[in-house]
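Visitor: One letter stands for each residue in the lines below.
There are 2 protein chains.
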Amino acid sequence: MPYRIRQVTISNLTHAVYFQMGSKMKENRQILIDSLPEDKLSKSNYRLDSNEIPNPGEGEVLCKTLVISVGAGSRAGMQGSASYAGAPKTDIVMGGTGVARIEKSNSEILSPGDLVVCSTGWQDYSVHKAEGLLKVMDDIDPAHYLGALGTNGLTAYFGLTDVGDLNEGNTVLVSAAAGSVGHIVGQIAKIKGCQTIGITSTTEKCELLRSKVGYDAAVSYRSENFRGELKDACQKGVDIYFDNTGGDILGMALRRMNEHSCIICCGVVSQYDTSSPAGSPTGIPGLLVNKRIRMQGFLIFDYAEKYAAAREEMKNWIKSGIFSPINDEFHGLEQAPAAFVDLLAGGNVGTRVIRVED
Amino acid sequence: MPYRIRQVTISNLTHAVYFQMGSKMKENRQILIDSLPEDKLSKSNYRLDSNEIPNPGEGEVLCKTLVISVGAGSRAGMQGSASYAGAPKTDIVMGGTGVARIEKSNSEILSPGDLVVCSTGWQDYSVHKAEGLLKVMDDIDPAHYLGALGTNGLTAYFGLTDVGDLNEGNTVLVSAAAGSVGHIVGQIAKIKGCQTIGITSTTEKCELLRSKVGYDAAVSYRSENFRGELKDACQKGVDIYFDNTGGDILGMALRRMNEHSCIICCGVVSQYDTSSPAGSPTGIPGLLVNKRIRMQGFLIFDYAEKYAAAREEMKNWIKSGIFSPINDEFHGLEQAPAAFVDLLAGGNVGTRVIRVED
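Protein chains in written order, with my numbering: chain P, 30 to 387; chain S, 30 to 387.
Keep in mind the hints are simulated off the structure, nothing from the lab.
Given the structure is predicted, the values throughout are model-derived calculations rather than measurements.
Certain hints may be false.
Identical chains blur together in the list; that is why a pair holds if it fits in one copy or across any two.
Stated by the list, open to error - Below, in silico cross-link-like pairs of lysine-lysine (DSSO-like), each with a Cα-Cα straight-line distance of 30 Å or less:
| no. | residue 1 | residue 2 |
| --- | --- | --- |
| 1 | Lys-265 | Lys-72 |
| 2 | Lys-133 | Lys-72 |
| 3 | Lys-260 | Lys-118 |
| 4 | Lys-335 | Lys-320 |
| 5 | Lys-158 | Lys-344 |
| 6 | Lys-118 | Lys-55 |
| 7 | Lys-348 | Lys-241 |
| 8 | Lys-69 | Lys-219 |
| 9 | Lys-55 | Lys-133 |
| 10 | Lys-164 | Lys-72 |
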């Protein structure tokens, strides 16, 4: 893995040595929100700027961005009307989570070379209070801390193992199966000895789910015969349905559930991008009674105390080769807007990340 | 308890002695379905007939009906179109479950004087195979075997204690709270140290829920300000919602649920009497996720192996006076049609029973 060699090399440099590497490293490239999108987001809503590298104050650290992730949720903060996060602004650095390396430290908690997960934003350098930053190990591609070892992976892990209480031999159905959470759900279910069926948006993604992610079967909800294809794919019925979408897809899945089965309610993607949320699917609670179905919602932060152990287990799976979470990569900070626009158009399989420092 | 004295007396008689009690006992009065209702059921859809008392064959027993129960479910079998139970018929004895006393036995399993729960139908005498009949004790009013110690009570018991996993101090909300299941749910929740709120159809029934059943609070879903009244009654939110209705009431309850709360899906009364079932309430699965709600359906026959122990516990509650399930009584077999019509109009609180032998 070329990345790993590079990682070890860089993390052994002191920040004094590092700053002698060339003048181009001494600027802080930033991608700013230039204008708010009126309809669809485009690259032209952003502009590239350059500023001086900030200096950390007492108790603070200077972080050099290595890799950032982009998720559909970031789009909400740029809506024309004010959301609960406050009115959207222009001329600010676009927000985002990343993995960064400590360059300067005015805190005893972290040292130069340490890796942390933090709100880097779309820029080369950022300053943060050292306290509260999540320090991570450098023994694995840091991009995984934004995917399988981050919120997405933990969501898949605790949803399946705690809420779903899955058992070997179960049939597991997953919606938004190519997404940042869904593709990990499918892989963990396989590790646990289950049969997996993914629901996604296109026949191309169905093919990727089978060939690249490892799903046993895949169905496109845009297919004219979605109902029939889903039925064919779920010949033995569904024991666990990991629902990332809600809406009509939930309604279709509900009719495939076995007796005493479980629906893990993780998200409602189908309701994010519309001003008129659909009603819930018919058959609730009637089908829940007849088939004794358990339908349960969860939020990942309830499991915070168990994050470390789950990360360790998943990291071991990755190292042993049985778990291959997908980081769908763009290279170069300047590619972030294009990566985000493409993500919103449904172009990704796995976790969309941008390598800022290759 | 006058009943108890009578019961003990009768059960000590041999059937030979019993048959000498008078000629009026030697006929088998039967209530037959005279015509199928075109719209609402009325008493004129039935007629009273009289036939000879049947003789039990080998392995069979002759049962004398003591008390029968009527439930809304029996109406479905009289619908104009064929249901899964087969096309409805006329000139047959109206079906129903009752408690009966064995009068003659051609089986070693049961003896004259024994009490059993069986499909008596609306008649004085019926013949059944002895094998498979549920024999019950005569140490309590047998009507309870059609209510608290029958399917209704067991449904309330296992729904609350197993599916709901309720704890002392929980706030328990119940729909159809005056019904045969709902009124028992409220009482068991009180025994378990919970605060109880009932939803019912009228202000009169609200008053009965508080004064007679023992609910802490009650709200009518027909009230113009149902939403506000429910909110006021559930100041601390709802930990467990026992849903007997589905539909709009479920939707209202959903918005009162606490984080990590539970909705026990028991029935969908709101969907029984309509040809166009309503969609599910909005907020599923969104609210289930945000509030980490568990919504779980169940059917009572999954608990068959635990019936006996649950009956024993509930019987002890009744004898000790902390549990007072309500049998809403009519007296005399000829009153069965009136009792049923009144039930369908929503006139009952508790389990509707007809005493055939007082």
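Visitor: Between the shortest in-copy and the shortest cross-copy C-alpha distance, which are at most 30 Å for Lys-335 and Lys-320: within, between, both, or neither?
Guide: between (32 Å within a copy, 20 Å between copies)
Visitor: For the identical chains here, do Lys-55 and Lys-133 meet the 30 Å Cα criterion within one copy, between copies, both, or neither?
Guide: within (13 Å within a copy, 103 Å between copies)
Visitor: Within a copy, between copies, both or neither: where do Lys-348 and Lys-241 come within 30 Å Cα-Cα?
Guide: This pair counts as within: shortest intra-copy Cα distance 18 Å, inter-copy 66 Å.
Visitor: Could you place Lys-118 and Lys-55 in one of the four classes (within, between, both, neither) given a Cα distance threshold of 30 Å?
Guide: Result: close within a single copy only, 27 Å intra versus 91 Å inter.
Visitor: Please sort Lys-133 with Lys-72 into within, between, both or neither, judging by C-alpha distance up to 30 Å.
Guide: This pair counts as neither: shortest intra-copy Cα distance 32 Å, inter-copy 89 Å.
Visitor: Between Lys-69 and Lys-219, at a C-alpha cutoff of 30 Å, which is it: within one copy, between copies, both, or neither?
Guide: neither (37 Å within a copy, 55 Å between copies)
Visitor: Using 30 Å as the alpha carbon limit, work out where Lys-158 and Lys-344 are close: within a copy, between copies, both or neither.
Guide: within (27 Å within a copy, 64 Å between copies)
Visitor: For Lys-164 and Lys-72, with the copy left unspecified, which applies at a CA distance of at most 30 Å: within, between, both, or neither?
Guide: neither (32 Å within a copy, 77 Å between copies)
Visitor: At most 30 Å between C-alpha atoms: does Lys-265 with Lys-72 qualify within a copy, between copies, both, or neither?
Guide: neither (46 Å within a copy, 48 Å between copies)
Visitor: Pop the pair Lys-260 and Lys-118 into one bin, within, between, both or neither, using alpha-carbon distances up to 30 Å.
Guide: Neither. Shortest intra-copy (47 Å) and inter-copy (37 Å) distances fail the 30 Å Cα cut-off.
The structure fails hints 1, 2, 3, 8 and 10 (numbered hints given earlier, in ascending order).
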